[in-house]
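Line by line, the protein sequences give chains A, E, Y and V. End of the first sequence = 383 in the numbering used here, gap-free, step of one. End of the second sequence = 383 in the numbering used here, gap-free, step of one. End of the third sequence = 383 in the numbering used here, gap-free, step of one. End of the fourth sequence = 383 in the numbering used here, gap-free, step of one.
Hints may contain errors.
Unchecked claim - Not close to chain Y: a few residues of chain V, all C-beta gaps over 12 Å, as computed:
1. Gly88
2. Leu161
3. Pro228
4. Ala244
5. Asp311
6. Gly331
Stated by the list, open to error - To spell it out: a stretch of chain Y is covered by chain A in this simulated footprint if at least three of its residues, at any positions, have a beta carbon under 8 Å from a beta carbon of chain A; those stretches are:
7. 219-227
8. 231-242
To be verified - Computed Cβ-Cβ distance ranges for the label pairs, DEER-style:
9. E/Thr292 to A/Thr77: 19 to 29 Å
10. E/Asp142 to A/Gly60: 35 to 45 Å
11. Y/Ala96 to V/Met92: 45 to 55 Å
12. E/Ser226 to V/Tyr151: 28 to 38 Å
13. V/Tyr151 to Y/Ala96: 54 to 64 Å
14. V/Asp91 to Y/Asp91: 47 to 57 Å
15. A/Gln81 to Y/Glu294: 47 to 57 Å
16. Y/Asp91 to V/Lys175: 26 to 36 Å
Everything labelled a hint here was simulated from the structure, so no lab data went into it. A virtual CB, placed ideally from N, CA and C, is assigned to each residue, including glycine.
4 protein chains.
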Amino acid sequence: MIKAGVLGATGYAGIETVRLLLGHGGAELVRVVSHSNAGTRVSQLYPNLRGICDMEFSALDADDIAESCDVVFTALPHGASKEVIPKLFEKGLRVIDLSGDFRYDDPVVYEKWYGQPHSDPELLKQAVYGLCELYRDKIADARLVGNPGCYTTCSITGLYPIVKSGLADNHSIIIDAKSGVTGAGRGLSLPNMFCECTETMKAYKVATHRHTSEIEQELSHAAGEDIMLSFTPHLAPMKRGIFATCYINLREKRTTEELVELYKDFYGGERFIDVYEAGSLPELKHIVGSNRVGIGIVVDERLGRAVIISCLDNLIKGAAGQAVQNMNIMFGLPEETGLENIASYL
Amino acid sequence: MIKAGVLGATGYAGIETVRLLLGHGGAELVRVVSHSNAGTRVSQLYPNLRGICDMEFSALDADDIAESCDVVFTALPHGASKEVIPKLFEKGLRVIDLSGDFRYDDPVVYEKWYGQPHSDPELLKQAVYGLCELYRDKIADARLVGNPGCYTTCSITGLYPIVKSGLADNHSIIIDAKSGVTGAGRGLSLPNMFCECTETMKAYKVATHRHTSEIEQELSHAAGEDIMLSFTPHLAPMKRGIFATCYINLREKRTTEELVELYKDFYGGERFIDVYEAGSLPELKHIVGSNRVGIGIVVDERLGRAVIISCLDNLIKGAAGQAVQNMNIMFGLPEETGLENIASYL
Amino acid sequence: MIKAGVLGATGYAGIETVRLLLGHGGAELVRVVSHSNAGTRVSQLYPNLRGICDMEFSALDADDIAESCDVVFTALPHGASKEVIPKLFEKGLRVIDLSGDFRYDDPVVYEKWYGQPHSDPELLKQAVYGLCELYRDKIADARLVGNPGCYTTCSITGLYPIVKSGLADNHSIIIDAKSGVTGAGRGLSLPNMFCECTETMKAYKVATHRHTSEIEQELSHAAGEDIMLSFTPHLAPMKRGIFATCYINLREKRTTEELVELYKDFYGGERFIDVYEAGSLPELKHIVGSNRVGIGIVVDERLGRAVIISCLDNLIKGAAGQAVQNMNIMFGLPEETGLENIASYL
Amino acid sequence: MIKAGVLGATGYAGIETVRLLLGHGGAELVRVVSHSNAGTRVSQLYPNLRGICDMEFSALDADDIAESCDVVFTALPHGASKEVIPKLFEKGLRVIDLSGDFRYDDPVVYEKWYGQPHSDPELLKQAVYGLCELYRDKIADARLVGNPGCYTTCSITGLYPIVKSGLADNHSIIIDAKSGVTGAGRGLSLPNMFCECTETMKAYKVATHRHTSEIEQELSHAAGEDIMLSFTPHLAPMKRGIFATCYINLREKRTTEELVELYKDFYGGERFIDVYEAGSLPELKHIVGSNRVGIGIVVDERLGRAVIISCLDNLIKGAAGQAVQNMNIMFGLPEETGLENIASYL
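Please construct the entire structure, taking both the sequences and the accompanying hints into account.
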């Protein structure tokens, strides 16, 4: 039984990690850390856990964590994260970090998009990018995993095969992404109040969202050259889900069927990536509640452009679910352990 | 491994039963019957089941069902139901019926509320009312279970202990219930179109809803005398959930704490009934996605009236979840098998 | 042209007053006051007013208000309200107060429900309760109007005729009310974040909500005796609307048709109160966006109980619309001036 | 007083036209035609109009319409439309058609996208495309106006100035559009049931939606050459609104401020087109409920690409509002008559 702790457990990604661990089977949740709620029972803040998780949030105590846990999930704000992760790492813990801090190959890119130097470039070198389907082998040996963002996982998964194929103009990529409101987290903010975000839609951080850099990094690996792309995030009036509509110009003529084939080959036995047949497309209700990515493809032959739909549950495959999948890989468990929830559709 | 079939599997209660059985562990889904969709793969209609349930809907064939299944869940419209259930019953199958047909002690009551004579009063006598927490012993021996309605389970569970206690005026009961739209089913209807039921609320079938009779039947048992009560259903703009606010006048002075105690005693070890401490109340997000009923109590000492909040997920504890719980009881499995999903809160 | 100011104009009731005044025709909006946003253009906070209201919020300056305005709408928190209203009143302004401070006949009742002594009992005596359909004549002569709350207007309007008729047991009243989230205002609060209140429902302040006392005050007037009643507010996942389901036991046998007749007689020529024919009931989408109250009645003859549905738009007839209606009455304008918006249904 | 009739008045675009005409001031609604609801009062189907429009739907009678009306709005399905419009046109009526039938310069384009030959190519020649801000002069003299679609108005308005400017690569256009569910109309359909489309999102008719051809037609006019573009419609869980995110590659370096300037120049005095300052972007809640288009621009200088946000209320500026605006132009009324509703924000 893996002993797991969750730091920053009151936020939405943190508590989703808690929820998944409680039903995991191969891991035991032994610590839930929340600075501001230390001493409160988890089930007081999240009464869906009444009778299921009646442990208390504790304050952060790195020594205690190191003694009691084999692995920690850190879902902390940047400041807190940079203090605590090196300490836990030194003590020999495996760390799966849900923040943006350990997702970069190059601290310069981090600095450019986060507006401050990386706090620990040495440690960054030891981190593995936790997109399970791409880096499974490295993750197995990693002691520090930078768990990808929600927009990121969705976009990269949707575009990786076509970019890697060389069939498309990798400089023509546009990703138009729509997110549910849990993506904005649990912090109080006027724009995320019910009356401010139901029955409306907006785009935000157009051309400047940090996840752009993560997507560019990974698709550049796929392309074997530096790629820059457009990424436009939108907020839609729903709780969960990322729905990314990706556009890329084809350099050679291909049909929808041929690209579907390409994707099915690429993702062959992947349990959590579902490539739809030509003529059908994923919708959020097909995957929300599960750890899956749904991918659908339409080639617009009139224009020589592929439209690729990619969608996932931002709190599961886009955060907590992928984090647990990373844990499973790191500890040699079957990758789907604790992640077999079926999307609810309704 | 119990072999299970679901009849009427395309409706919302039917497909939720399918979903729960797919993750059950102790039962195997061997038939999914849908007259109108015979030959179609389940996952075509419900793509959340892609790769998880790729069997096809079959047309109804009682002999085939009888041979292949140990138990069938019937989620059929009234007409179809009355034809097929006697046939399956005769063939020795256990039947858990999600319609209203087998929920009554007395066919006269059925006729009064359903506007037609009961089609099989003899068989009705052999049916057991499937409210698990009240009739566990009888259910264990039953071959035909009338699975309670969603409003019904919620209301009865919320009021049973106080009615049974004799502390209240059992003729003063008012149940004001609010339902999510899945309660209206999958049939096409203008009032259930998105644009007609989002951002609005209505009451319907005021003083005439059929579930009234079920609630009266069971609370009359609790009271040991005939009870009539007000039941007002409302439609609220959400997918899942029944939220019942119940009012009953106390005949003796009691505090909130005392009634909470009474309820905690009554429901002692029940895994799926969660009585909240005085000062806290259940909300739908605490229970939707789980098989739980949340119950909270406030005594209005100024008026000598108890207000009892009871809520559940209408598709789980209000339909498919309770049906599976009934199956577990009938087959001697631990009652919670396949029903341990944690409410998602988000 | 009436010169009007709005104090506390950034809140939801305040800005709705602004919006109604901008389309009023007989009144001109000359001051919008917001302490915390002084100097900001109204249309920066509420871009729906771009090009329509580009004035700036100003800090509160009672002298300036007194000079520039004929009437002020105060939508301030309690503290601010009690300072400023006496000052404005002294200066000869007409004041329509949207807070709870000037809605009571008796400061003792205020103190009991608000937990502190009334700050100006003398001024309270001069205030008129602004439920237009009941106190039209007094309002015409008033200089200070206590504009009723949203739950209050809905509940009183729904019950007044039956209570006044003497046909019912006025001690049996139960009001089960459901509110949209704008009712909770614009203040940041975790429970009103989108992800915390969509797809769920809760009851709150059961047996203790302050509006209870307002409803009791007015229905006691109708009854000619002191009445106490149950009032249970709920939060539903929608922006606007109060939907009150009211229960009252009949002392004499009456049919639905007879009670509808009684209500139609009582509300005869009222433009903003719409009593539905027997057999039909109002829904929120029938009235949201308008200044109307929709009322529907069902007599449950089995139980001798009337169920009365009353609903309105909490920001219009439940706040800003009624406030403007009060202004119209006070200044001798046709009562419907600026209030003829048709509910949008969609 | 213009005498107006609405044909196909029960659909969502039809009833919105009715609602706008009822509050218009310069026009009188004299006929509301609905084949399937002839004899029913309008307010029975749409109780928001109780006491406001108690006329009955009538069956279609072209002679009666011709005698009683000066102008008709036709919101009919294709079949019905092609029968009745020529007849009404011959009788000298002005016709504003909300269907797709009279929006094309070239019947060949119509045939290509609608899959059937145009039924009346001669009449098509006499029709004017009713995008008011572009064709105001022609509309003034027109007797038949093809009222643009919702996606269309939003997309064209958003892209016209940049395309016309010659600054951009007109062959690089991608429009990613999100629609509320009223856009799908009132017809019964499973995918538009509440439970099927709340809390989810989907793309549909990718690369094949008919509105593509309308957008291409108009932007080709702007460009002075044939343009083909990508248009991807999505369904989002909200009632009203089109939110189009448009991408176009710049051929010359320009800043956001420069493009905003270009747009402000182009739309100079337009009352219903609101170009946002650099640094701010429109959201649906800023415009839903009004006849406005909100336009915002961000230049991604890193990529040399402009991202243009355009949004509107699909039932107002995207259908009924623009139709009324067309009527105002055709009859020489101030263009904003009856269209001054302020977006509600809340």
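Comparing the hints with the structure gives:
1. Gly88: 6 Å, violated
2. Leu161: Answer for V/Leu161: holds, closest chain Y Cβ roughly 31 Å.
3. Pro228: Label holds. Min Cβ-Cβ 18 Å, cutoff 12 Å.
4. Ala244: 29 Å, holds
5. Asp311: Non-interface label on V/Asp311 violated, nearest chain Y Cβ at 6 Å vs cutoff 12 Å.
6. Gly331: 8 Å, violated
7. 219-227: Since 5 is at least three, the answer is holds.
8. 231-242: Coverage by chain A holds for the stretch 231-242 of chain Y (6 residues, Cβ < 8 Å).
9. E/Thr292 to A/Thr77: 19 to 29 Å: 26 Å, holds
10. E/Asp142 to A/Gly60: 35 to 45 Å: Taking Cβ atoms as reference, E/Asp142 and A/Gly60 lie about 39 Å apart, which means the hint holds.
11. Y/Ala96 to V/Met92: 45 to 55 Å: Holds, since Y/Ala96 and V/Met92 (Cβ atoms, about 51 Å apart) stay within the stated range.
12. E/Ser226 to V/Tyr151: 28 to 38 Å: 30 Å, holds
13. V/Tyr151 to Y/Ala96: 54 to 64 Å: Holds: the Cβ-Cβ distance is about 60 Å, inside 54 to 64 Å.
14. V/Asp91 to Y/Asp91: 47 to 57 Å: Given range 47 to 57 Å: violated, Cβ gap about 40 Å.
15. A/Gln81 to Y/Glu294: 47 to 57 Å: For Y/Glu294 against A/Gln81, whose Cβ atoms are near 51 Å apart, the range 47 to 57 Å holds.
16. Y/Asp91 to V/Lys175: 26 to 36 Å: 33 Å, holds
The earlier numbered hints that this structure contradicts are 1, 5, 6, 14.
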